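Dock chain B against chain A, hints included.
There are 2 protein chains.
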Amino acid sequence: MYVILVYDVKEKRVSKMLKLCRMYLCWIQNSVFEGEISESKLKELISKMKAIMDADEDSVILFSNKMSYNMNKQIIGKEKMSTENFL
Amino acid sequence: MYVILVYDVKEKRVSKMLKLCRMYLCWIQNSVFEGEISESKLKELISKMKAIMDADEDSVILFSNKMSYNMNKQIIGKEKMSTENFL
Chain A
1 MYVILVYDVK EKRVSKMLKL CRMYLCWIQN SVFEGEISES KLKELISKMK AIMDADEDSV
61 ILFSNKMSYN MNKQIIGKEK MSTENFL
Chain B
1 MYVILVYDVK EKRVSKMLKL CRMYLCWIQN SVFEGEISES KLKELISKMK AIMDADEDSV
61 ILFSNKMSYN MNKQIIGKEK MSTENFL
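If you read the protein sequences in the order shown, they are chains A and B.
Just so you know, we're using our numbering here: the first sequence kicks off at 1 and counts up by one.
Just so you know, we're using our numbering here: the second sequence kicks off at 1 and counts up by one.
Fair warning: there could be bad hints in the mix.
[Said to hold, decoys possible] Listed next, the in silico DSS-like pairs over lysine-lysine satisfying Cα-Cα at most 27 Å (straight line):
1) A:K80 with B:K43
2) B:K48 with B:K80
3) B:K16 with A:K80
4) B:K19 with A:K10
5) B:K48 with A:K78
6) B:K43 with A:K73
7) B:K10 with B:K66
8) A:K80 with A:K19
9) A:K78 with A:K19
The hints are simulated quantities; they were obtained by calculation from the structure and are not laboratory data.
No experiment lies behind these values; they were computed from the predicted model shown.
This is chain A alone, in the form it adopts within the complex (with noise of 0.2 Å):
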């Protein structure tokens, strides 16, 4: 499935779940992530973050669509994308 996350967390915090969700999806902006994962990759990707995660303080939005082709990505002003994908 097509997935977009975005995440708000603590900044002590930030650069475990960067790192993590790197491993799972392709960084596109800030905090904001976006990728094809399977249902039990995203499930592991959860239960991982939710082990870094402060569920007081942090918040994670998960986007998902098993259409991805359903989704247009228009990007304004500078492209700040990654070229890296480690699906």
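Frame of chain A, contents of chain B only:
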């Protein structure tokens, strides 16, 4: 159409961008917004964002989908979503 908007702008322009985006979409986290918006209103928003942004430093990513029911949203951790929506 259904839109997810994420911005990454220099600190001095954050409050202007936040104020602008909240007039069109629903704030859901940090620099992330979502909502239903007409194509003409979206064009208006993009034009106003471009007036605020520095294209060499700032970035906005817009994901859009004509059918919002195709998107699933899952929140992990603290829900920071606002109930305000000035659409």
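If any of the earlier hints don't hold here, list their numbers in rising order.
Those not satisfied come down to hint 7.
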